[in-house]
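Asker: Residue numbers (the UniProt record's numbering), protein chains in the order written: chain A, 1 to 259; chain B, 1 to 259.
Think of the hints as simulated: they come from the structure by calculation, not from any bench.
Treat the numbers as computed from the prediction; the structure is a model and nothing was measured.
Among the hints, a few may not be true.
Intra- or inter-copy, both count: the list cannot distinguish identical chains.
As the list claims (entries may be wrong) - Think about it this way: if two alpha-carbon atoms lie no more than 27 Å apart in a straight line, the pair counts; the simulated DSSO-like pairs of lysine-lysine are:
# : residue 1 : residue 2
1 : K38       : K151
2 : K151      : K184
3 : K151      : K37
4 : K151      : K134
Each chain, written out:
2 protein chains.
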Amino acid sequence: MTKSPHYTLHYWGGIPGRGEFVRLVFEFTETHYKDPKKPAPLLSNTGATSHPPHCAPPILELSNGSYISQTANILAYLAPRLGLDGVTEGMSAEDADVRRAHVNQLVLTICDLNDEAHDVHHPISNRLYYDDQKPEAARRATEFRSWRLPKFLSYFALVLRENAECSNASGANAPAYPRVIGTKTTTADIALFHVMNGLEHAFPKRTAALRQDEGLAEVWKLVDGVREEPTLKAYLGSKRRAEFGQGIFRHYPELDGDE
Amino acid sequence: MTKSPHYTLHYWGGIPGRGEFVRLVFEFTETHYKDPKKPAPLLSNTGATSHPPHCAPPILELSNGSYISQTANILAYLAPRLGLDGVTEGMSAEDADVRRAHVNQLVLTICDLNDEAHDVHHPISNRLYYDDQKPEAARRATEFRSWRLPKFLSYFALVLRENAECSNASGANAPAYPRVIGTKTTTADIALFHVMNGLEHAFPKRTAALRQDEGLAEVWKLVDGVREEPTLKAYLGSKRRAEFGQGIFRHYPELDGDE
Numbered sequence: 001m002t003k004s005p006h007y008t009l010h011y012w013g014g015i016p017g018r019g020e021f022v023r024l025v026f027e028f029t030e031t032h033y034k035d036p037k038k039p040a041p042l043l044s045n046t047g048a049t050s051h052p053p054h055c056a057p058p059i060l061e062l063s064n065g066s067y068i069s070q071t072a073n074i075l076a077y078l079a080p081r082l083g084l085d086g087v088t089e090g091m092s093a094e095d096a097d098v099r100r101a102h103v104n105q106l107v108l109t110i111c112d113l114n115d116e117a118h119d120v121h122h123p124i125s126n127r128l129y130y131d132d133q134k135p136e137a138a139r140r141a142t143e144f145r146s147w148r149l150p151k152f153l154s155y156f157a158l159v160l161r162e163n164a165e166c167s168n169a170s171g172a173n174a175p176a177y178p179r180v181i182g183t184k185t186t187t188a189d190i191a192l193f194h195v196m197n198g199l200e201h202a203f204p205k206r207t208a209a210l211r212q213d214e215g216l217a218e219v220w221k222l223v224d225g226v227r228e229e230p231t232l233k234a235y236l237g238s239k240r241r242a243e244f245g246q247g248i249f250r251h252y253p254e255l256d257g258d259e
Numbered sequence: 001m002t003k004s005p006h007y008t009l010h011y012w013g014g015i016p017g018r019g020e021f022v023r024l025v026f027e028f029t030e031t032h033y034k035d036p037k038k039p040a041p042l043l044s045n046t047g048a049t050s051h052p053p054h055c056a057p058p059i060l061e062l063s064n065g066s067y068i069s070q071t072a073n074i075l076a077y078l079a080p081r082l083g084l085d086g087v088t089e090g091m092s093a094e095d096a097d098v099r100r101a102h103v104n105q106l107v108l109t110i111c112d113l114n115d116e117a118h119d120v121h122h123p124i125s126n127r128l129y130y131d132d133q134k135p136e137a138a139r140r141a142t143e144f145r146s147w148r149l150p151k152f153l154s155y156f157a158l159v160l161r162e163n164a165e166c167s168n169a170s171g172a173n174a175p176a177y178p179r180v181i182g183t184k185t186t187t188a189d190i191a192l193f194h195v196m197n198g199l200e201h202a203f204p205k206r207t208a209a210l211r212q213d214e215g216l217a218e219v220w221k222l223v224d225g226v227r228e229e230p231t232l233k234a235y236l237g238s239k240r241r242a243e244f245g246q247g248i249f250r251h252y253p254e255l256d257g258d259e
C-alpha cells in the first residue's frame, strides 16, 4: 500500500456539480489530488478505465489504475481512507461496519436532496433546456420550496439534535458545531454543507426564510461551522473553487420565493 | 458473531417497491428474514431505532439491534455477508474493496434508473396524485422511452458484453447467462433483474420493442437467466411476492409506446 495514495478526480470543469462533494472531502483533509476537468473520454468506454465502464462523472482514478464512479460510492470508498467514516478507536469490526453504513445512509439521503434540487429546473428531461420546461419547473419549484425542502431540513435537524443527545456530543464534550453522527467530521457533514451551500445560491429567499425557523437552527450551525474550517475556508476563497452557475444549483428568481 | 444472523426488513406491504431489491437478495440466497410490512413507526423516530433516524423505508433491522436504511446502502451492507459482492478467493484486500465499490457503483446506477422510472408518473411531486400531473407525465414519458431508457440499457449491455470479454467469463468458462461483473451473481445482477422486471410491467410495448434490439440482447439474457434461478423462481411464483401495481412501476397505457 502506498503511503500517499494519489487520486485523480475526473469531472467537468467550471461547475461545482457532483464533483464538488469529492473535492471538498479532499480539500478538508488536505489530500493531494489531480483535477483535469475533462471526464468525457472515460465515459462508457471500458478500454479507457477497465471494467466496469462509467455512466457519468465524477469518476475517481486510484493510484493502482482502478476507476470508480457514482458520487456516494466514491465518498464511501474514501471515507475510511481519509478518516471521515466516523469510526473511533475501540469500536468492534461489526460496530465500525454499522457506523460506516450510517454515514453512507446519510450521504445517500443528502444526494437525494441534491438530485431533487436539480430536478426543480429540469423536471421533464436533462436533454431539454430549462426554457423548454419552464411551466413544469415552476410547478415543481413550488412543491420543492413548500414541502420537500422543509421535509429534508427537518429530518437533518432531527439527526443533528438527536446526535448531540446520544453520542456524548453534548455538555462539556460538545464540539464547536454539531455533526450528523458522533463528534468527528464525516463525509456526511461535508456533503450536507455542500448541498445547503448550493441551495443558498439557488433559493436565496427560501433559505433566508428557513434560517429564521428555530427548529432548523442546528442545520445552519453545521453549515456555518463547516464553512469556517480552516482548510475548507482556504479552498472556498481560492481560484480552485468553481462558482455555482449553470450546474445542479441554479438561481432562477422565478423559481424562488420566501414561502 | 451469530452463525445465522436474523434480519428484519421494514417496508410497506402490498407493493414490491424499493423493498423488493432487498427481498430478492434474501430469497436468492435463502436467507431467513422477517417482513412485517409496516415501517411507519420507524420513520424519523430515533427513539425507535437509535441514531440516526430514517427518512424512508426500506429499513433493515440487524440482529444486534441496529437499523440501516437507503436501498443501495442496505445492499452494500449485505453483499459481503451473503456472498453477493463479487469478491473471489485470492483477491488482495485492496482488490476486494475495489470490487465491492464496482458492485455498489452498478447498484447505484440501477437505482438511478429505478428512480427515473418512478418519476415518469410523478414528475412534479410525490405529494400529488398522478391524475394531478398527467400532462407533465406524458411529456416525461416520451423523453424516458425515447432517450433515457435506451441510454441506460445500452450502458448495461456494454457492461455485460465487456465483462464477458475481460473476466474469464467467455468461452468454456462462460456462465449460463451473463453477469455484470465477474462470473458469480452479485447484488447488481439481482437489482438489474428487478428494475427490468418492473419496466416490463410499466412499459410492456416499449420493452417488447427493445427486446428486438440486438445490441441489448445481453440485458435480456441476464433478466431471463436470473428469473429462472431456482430460489428466485420459487419466490416469484409464491404468495410472498407482491404484484407490481401502484408503486414505483405502474402501467398507464397512455405513458407507454413502442417507439
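Asker: Checked against the structure, which of the hints given earlier come out wrong?
Answerer: No numbers; nothing is violated.
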